[in-house]
Amino acid sequence: MDVGLLSAIGAAVVWGTYIFVLKRSFAGYPPAGLTVLINASAIAWFLPVTVATTDLPPDGIGGSVGAVTGVDPAAVAVVAGTAAATAAAFVLFLRAIDEGDVSYVTPINKVVPMFVLPLEVLLLGEVLAPIQVAGVVVATAAVYVANYEPGSLIAPLVGAVHSRPAQLALLSAACYAVSDLGKRVGLQELAIPGTLWVPLLLAGAGLILLPAAVRTPPAVNRADVPKFLAAGALVALGEHLTTVAFAALPASVASPVINTQAIVAVVLGGVVLGERYFRVRLVAALLAVVGVAMIAL
45 MDVGLLSAIG
55 AAVVWGTYIF
65 VLKRSFAGYP
75 PAGLTVLINA
85 SAIAWFLPVT
95 VATTDLPPDG
105 IGGSVGAVTG
115 VDPAAVAVVA
125 GTAAATAAAF
135 VLFLRAIDEG
145 DVSYVTPINK
155 VVPMFVLPLE
165 VLLLGEVLAP
175 IQVAGVVVAT
185 AAVYVANYEP
195 GSLIAPLVGA
205 VHSRPAQLAL
215 LSAACYAVSD
225 LGKRVGLQEL
235 AIPGTLWVPL
245 LLAGAGLILL
255 PAAVRTPPAV
265 NRADVPKFLA
275 AGALVALGEH
285 LTTVAFAALP
295 ASVASPVINT
305 QAIVAVVLGG
315 VVLGERYFRV
325 RLVAALLAVV
335 GVAMIAL
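Under this note's numbering, residues 45 to 341 are what the sequence shown spells out, in order.
Everything labelled a hint here was simulated from the structure, so no lab data went into it. Just so you know, not all the hints are guaranteed correct.
[To be verified] Straight-line alpha carbon distances no greater than 25 Å define the calculated DMTMM-like cross-link-like pairs of lysine to aspartate or glutamate that follow:
#1 K67 <-> D268
#2 K67 <-> E170
#3 K67 <-> E143
Given the sequences, and given the hints that come with them, work out the whole structure.
Encoded structure:
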């Protein structure tokens, strides 16, 4: 198993743990302000790594276009676009759960890889083996099942035809897919150093969400400061592992593996908090293992 796939699996574990920590430790904080603060903490953790390890090429980030200015406009556009897509996906998901039930819209929001796969094939000419395509489908199904509340299995997707919350969740998933594609282009085609990419992406997403955070500022309890530092460390590690994965793998492979984070979160919730439908979550976890194994073949 290569380093890219190992990093993607590691990222899924870290992000799943992060989701679980957010659920347990930061209830009551406004989402935009919470994200800005945690991103700032993550940047503080990661910046020494950037300073110590990033050696910018003499012709600028991204290649010869930056020979005059020192910065490649294409690289700037990709970083900005990826950050904007990430922030837009986050905001759209918040609007979706504000207008509809979390149990209804969350499964739809997790079908990100099904957008990534055709986009990468059509726009970047990526070619996957049939077994890998099947693995992407199985892993995506696993994430859907992990967030599913018993009832009609396809009800959320059928509802997307006429339900505004479902449509917002689907649009959020599409934005996350654009973000994943941007990571692949920035890290592979433009060769932006991974240790520079992480703080740029975190800062970009934080700046986009900053106006909303200022409108509803979070009141941070002094006792929660260690929690913010710990959450920032998780985000820094998660972004680093995600970056390594997208630098080494096609986005259509990295995305479904990393998105199994949802399974990590719900299984943790079942084990630690005794949340409902634990057997369904275990089936989802088994599907995820099968899907990842197929992708690795």
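Hints, verified against the model:
no.: 1; hint: K67 <-> D268; verdict: 14 Å, holds
no.: 2; hint: K67 <-> E170; verdict: 36 Å, violated
no.: 3; hint: K67 <-> E143; verdict: 20 Å, holds
Hint 2 alone, counting from the list given before, is not met by this structure.
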